[in-house]
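Going by this note's numbering, the first residue of the first sequence is number 22, and it counts up by one from there.
Accuracy of the hints is not assured; some may be wrong.
[As the list claims (entries may be wrong)] Subject to a maximum C-alpha distance of 25 Å in a straight line, what follows is the list of computed DSS-like cross-link-like pairs (lysine-lysine):
1) Lys173 to Lys159
2) Lys58 to Lys451
3) Lys385 to Lys163
4) Lys110 to Lys143
5) Lys468 to Lys489
6) Lys163 to Lys173
7) Lys468 to Lys159
8) Lys159 to Lys451
9) Lys429 to Lys54
10) Lys143 to Lys451
11) Lys429 to Lys451
12) Lys493 to Lys468
13) Lys451 to Lys170
14) Lys451 to Lys535
15) Lys501 to Lys429
16) Lys535 to Lys143
17) Lys163 to Lys468
18) Lys320 to Lys143
19) Lys170 to Lys159
20) Lys348 to Lys385
21) Lys489 to Lys173
22) Lys432 to Lys163
23) Lys58 to Lys320
24) Lys535 to Lys99
25) Lys451 to Lys493
26) Lys468 to Lys451
27) Lys173 to Lys600
28) Lys501 to Lys489
29) Lys143 to Lys173
[What the hints assert, rightly or not] Here are the simulated distance ranges between beta carbons:
30) Arg384 to Glu514: 58 to 68 Å
31) Ser471 to Gly141: 19 to 29 Å
32) Asn504 to Gln427: 28 to 38 Å
Keep in mind the hints are simulated off the structure, nothing from the lab. Even for Gly, the Cβ is constructed at its ideal location relative to N, Cα and C.
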Amino acid sequence: MTDIASSSASVSARRPNEFWISELNGRQWEAVKECDKPLLVIAGAGSGKTRVLTYKIAYLLDHGYRPEEILALTFTNKAAREMNERIGKIVGRERSQGLWSGTFHSLFSQILRMEREAIGMKRDFSIYDASDSRSLIKSIVKEMGLDDKTYKPSRIQGRISAAKNHLLLPQDYAADASIMARDNRDNVGETHRIYAQYFQRCQTAAALDFDDLLLYTYLLFDRHEEIRLKYARRFRYLLVDEYQDTNFAQHSIIAQLTRENHRICVVGDDAQSIYSFRGANIDNILQFHVQYPESVTVKLEQNYRSTQNIVKAANSIIFHNKSQIEKTIFSDNAVGDFIALMPAASDREEAAKVVGTIARLKRKEAVDFDEIAILYRTNAQSRSFEDALRERNLPYRIYGGLSFYQRKEVKDIVAYCRLLNNLDDEEAFKRIVNYPARGIGNTTLQKLFSASREHGVSLWATAYEPDKYGVKLHQGTLNKLDNFCRMILDLRELLSEVGAFDLMLEVIHQTGIKNDLNQEDGPEGESKRENVEELLNSVRAFEQDWLEENGERFVPLTEFLQQSALQTDVDQKDDDTPKITLMTIHAAKGLEFEAVFVTGMEDGLFPGVQARLFPREMEEERRLFYVAVTRAKRFCFLSYAQTRFRYGSLERSEESPFVREIDSRFIREENEMTISTDRVTGTGFKPTLFVAPSEEKGAFPHFRGNERKTPASPRSDTPAAASANSRGRKLSRVSAVCSSVSGSNESNGLSAGIVIRHERFGKGTILAVEGKGDNANALVEFENVGRKKLLLKFAKFKVLES
DNA sequence: ATATCAACCCTTTTT
DNA sequence: GGGTTGATAT
Numbered sequence: 022m023t024d025i026a027s028s029s030a031s032v033s034a035r036r037p038n039e040f041w042i043s044e045l046n047g048r049q050w051e052a053v054k055e056c057d058k059p060l061l062v063i064a065g066a067g068s069g070k071t072r073v074l075t076y077k078i079a080y081l082l083d084h085g086y087r088p089e090e091i092l093a094l095t096f097t098n099k100a101a102r103e104m105n106e107r108i109g110k111i112v113g114r115e116r117s118q119g120l121w122s123g124t125f126h127s128l129f130s131q132i133l134r135m136e137r138e139a140i141g142m143k144r145d146f147s148i149y150d151a152s153d154s155r156s157l158i159k160s161i162v163k164e165m166g167l168d169d170k171t172y173k174p175s176r177i178q179g180r181i182s183a184a185k186n187h188l189l190l191p192q193d194y195a196a197d198a199s200i201m202a203r204d205n206r207d208n209v210g211e212t213h214r215i216y217a218q219y220f221q222r223c224q225t226a227a228a229l230d231f232d233d234l235l236l237y238t239y240l241l242f243d244r245h246e247e248i249r250l251k252y253a254r255r256f257r258y259l260l261v262d263e264y265q266d267t268n269f270a271q272h273s274i275i276a277q278l279t280r281e282n283h284r285i286c287v288v289g290d291d292a293q294s295i296y297s298f299r300g301a302n303i304d305n306i307l308q309f310h311v312q313y314p315e316s317v318t319v320k321l322e323q324n325y326r327s328t329q330n331i332v333k334a335a336n337s338i339i340f341h342n343k344s345q346i347e348k349t350i351f352s353d354n355a356v357g358d359f360i361a362l363m364p365a366a367s368d369r370e371e372a373a374k375v376v377g378t379i380a381r382l383k384r385k386e387a388v389d390f391d392e393i394a395i396l397y398r399t400n401a402q403s404r405s406f407e408d409a410l411r412e413r414n415l416p417y418r419i420y421g422g423l424s425f426y427q428r429k430e431v432k433d434i435v436a437y438c439r440l441l442n443n444l445d446d447e448e449a450f451k452r453i454v455n456y457p458a459r460g461i462g463n464t465t466l467q468k469l470f471s472a473s474r475e476h477g478v479s480l481w482a483t484a485y486e487p488d489k490y491g492v493k494l495h496q497g498t499l500n501k502l503d504n505f506c507r508m509i510l511d512l513r514e515l516l517s518e519v520g521a522f523d524l525m526l527e528v529i530h531q532t533g534i535k536n537d538l539n540q541e542d543g544p545e546g547e548s549k550r551e552n553v554e555e556l557l558n559s560v561r562a563f564e565q566d567w568l569e570e571n572g573e574r575f576v577p578l579t580e581f582l583q584q585s586a587l588q589t590d591v592d593q594k595d596d597d598t599p600k601i602t603l604m605t606i607h608a609a610k611g612l613e614f615e616a617v618f619v620t621g622m623e624d625g626l627f628p629g630v631q632a633r634l635f636p637r638e639m640e641e642e643r644r645l646f647y648v649a650v651t652r653a654k655r656f657c658f659l660s661y662a663q664t665r666f667r668y669g670s671l672e673r674s675e676e677s678p679f680v681r682e683i684d685s686r687f688i689r690e691e692n693e694m695t696i697s698t699d700r701v702t703g704t705g706f707k708p709t710l711f712v713a714p715s716e717e718k719g720a721f722p723h724f725r726g727n728e729r730k731t732p733a734s735p736r737s738d739t740p741a742a743a744s745a746n747s748r749g750r751k752l753s754r755v756s757a758v759c760s761s762v763s764g765s766n767e768s769n770g771l772s773a774g775i776v777i778r779h780e781r782f783g784k785g786t787i788l789a790v791e792g793k794g795d796n797a798n799a800l801v802e803f804e805n806v807g808r809k810k811l812l813l814k815f816a817k818f819k820v821l822e823s
């Protein structure tokens, strides 16, 4: 089972690998070229993990693997995108097209859509996000007459999520004595019934939640051996990034796909495992050698990112953890500056100090804003920094928190779209049935609810045919319901005729949303209208991108919905002006910055109160701290506030115990810095950096600050062109490509029988050409992906033989 | 049925 | 501080 790569190497290697070797150190190269045995790469922070992954894929491509035979799984879209770009740079874009790379969730949801029949799902299933799930759980708790104090939706959601991550269906859950005992002990003994009901309701709504994307993929492969084999064979090589953060479900699916051939490479760092709260199981990485006894382990221990002081300080932090894989991370970079500790009297002062220091970093060290990050433990901490940055007119960008797609006005429009796409989507229905207000109130809804539960049909079904399900309503209400349903059905007619963008425009007009928003005045209404604009922009951008890659007449709404459901804040880019990054430490995983501020270093905040009593949680918090510090290339600051506003009132806090865990040789307090400069070497960090922020007034008189913000939307995360930009392409470039391609292809006079190579789908034979002008399209039979209809206006391919 | 206001939780962390 | 829920008036 280990012959393929080597046997085909001589045939297809086109490029000497010496060039690569110069780009890699010995260990990295070792990891790249080991393609026969299962490979575990323990990659310390900043040790070139992504480099190894990308070169390894390039190496595979050079040794007989076709792009579509490689599956590369990441945790974030950003990581996937970055990987794709870097591979494109190494082997050229065309040779990497067709690679299966992306997040677990997005790739699996694509597979589920392709194999929907096997699991009895319809093509246009909805994806419930966390708040949809929570709201569904909430209504179930209510319906079951349980106390929502003891059965707090978020708590139940956590349990259900954990169950799914352990591949436990409702019946398995109820049958598990230890789980039931635990639930009973915790006074939530009815959880299994909620879970069963939740599961059922998701099914009648044709909806999958995030965890279902994994669970159903597992079940698909488990119950349909032929399908599992199909994918196990298709993916001849499997790579997994951030393996320390995989949960049992992910681990199991990987096992399903590698059962026959063990061509797999996982990359991770146990010291950076920070998602155990989400079911991530560190044993997956620790037990890799047991799962694959013939496996090889490569440790990458040289850090190329940070100064020696930062690396050593980070080592001294993680040293306090008991359980870990033995390794010594070292750096050959400059010694660098001390980690700087910045105490502050209040959270406001903390923010002022941080921002003041940023201004100085920019001026004295020429660190640009996009090389600076302010990190914190909880999203709630962002506010004081926002205020301080706005006051100083410094550009920033917040990631996380209330993401764009979670705003009410945006969610409402998306909910309409979801309902059009999938009439059974219950959460979407609930959200918009009476928005804008049309007199369908709670009492009506309750009647529909109980009818739908009673008959096991969707809410839509009962609203559409109330009589059939014995719903008793006044004539007036019946008329209102009927009007609503007719409007939805009318809009639905458009699904097969127009693209996502046009459809959304129709929705906004026909449903009265536009009217409603136009009536709202004041800054809030203004900001809502802006957000709707942004939503439309992002749809348009998505369309541009999608049409180019898939030759179709228009973008089906369902395509947009699917990608937007799995899109996170970090995936969005607004414009190109450098901005200071504000995010949680979790969100910063995998990123790096010249200067990093780790803020809120307070006992009870970081580590949080809940962690203090449990050693295992303390270790996770400590790893989180380790992740935070190792994001920094040159400058790392730790700040804390002695008083802080929490839940609206002032609270006192002490310095985090983590601060004292750093070896004192690598850290200095702000005021100490001004005196002891003797150890300051390397990058030449001037002690003058630390001056009271008040002296910093007007540091950037010419700088044009943040765009104006309305109080209602103080954040600067605009997802305009999120999708198009997210692939690293500009709209202008897209259109340029389109025009040139369409010109050449049309004049080439394509006809049946001609063989082409498509950028993404590979080699294929044209079966038929039809249509004129913009609508000209070709039906092509591709070798690997089957039949596709390409819209010649957008399709990127070249003719091989005619 | 809707609009408004007071009382009430609260905060980890995210695909 | 902020968002959600519940009671109350219209």
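- Query: Given the hint that Lys163 pairs with Lys173, does the C-alpha gap stay at or below 25 Å?
  - Reply: holds, 11 Å
- Message: Hint check: Lys468 vs Lys489, CA-CA at most 25 Å. Holds or violated?
- Response: holds, 13 Å
- Quick one, are Lys429 and Lys54 close enough, alpha carbons at most 25 Å? Given that 25 Å is the threshold and the Cα spacing comes to 50 Å, the pair is violated.
- Is the hinted pair Lys143 and Lys451 satisfied, with a Cα-Cα distance of at most 25 Å? With Cα atoms ~21 Å apart, Lys143 and Lys451 stay inside 25 Å; holds.
- Query: Between Lys159 and Lys451, does the CA-CA distance stay at or below 25 Å?
  - Reply: With a Cα-Cα distance of about 13 Å, the restraint between Lys159 and Lys451 holds, given a limit of 25 Å.
- Sort out whether Lys451 lies within 25 Å of Lys429, counting only the CA atoms. holds, 14 Å
- Keeping to a limit of 25 Å between CA atoms, is the pair of Lys501 and Lys489 held or broken? Within the cut-off at roughly 17 Å; holds.
- Given the proposed pairing of Lys170 with Lys159, does the C-alpha separation stay at or below 25 Å? holds, 11 Å
- Query: Do the alpha carbons of Lys58 and Lys451 lie within 25 Å of each other, as the hint requires?
  - Reply: Violated, at about 52 Å.
- Are the Cα atoms of Lys535 and Lys99 separated by 25 Å or less? violated, 33 Å
- Query: Could one say that the CB atoms of Ser471 and Gly141 fall in the range 19 to 29 Å?
  - Reply: holds, 26 Å
- Are Lys348 and Lys385 close enough, with their CA atoms no more than 25 Å apart? It is violated: about 36 Å lies between the C-alpha atoms, which goes past 25 Å.
When the structure is compared with the earlier hints, violations turn up for hints 2, 3, 4, 9, 16, 18, 20, 21, 24, 27 and 29 and for no others.
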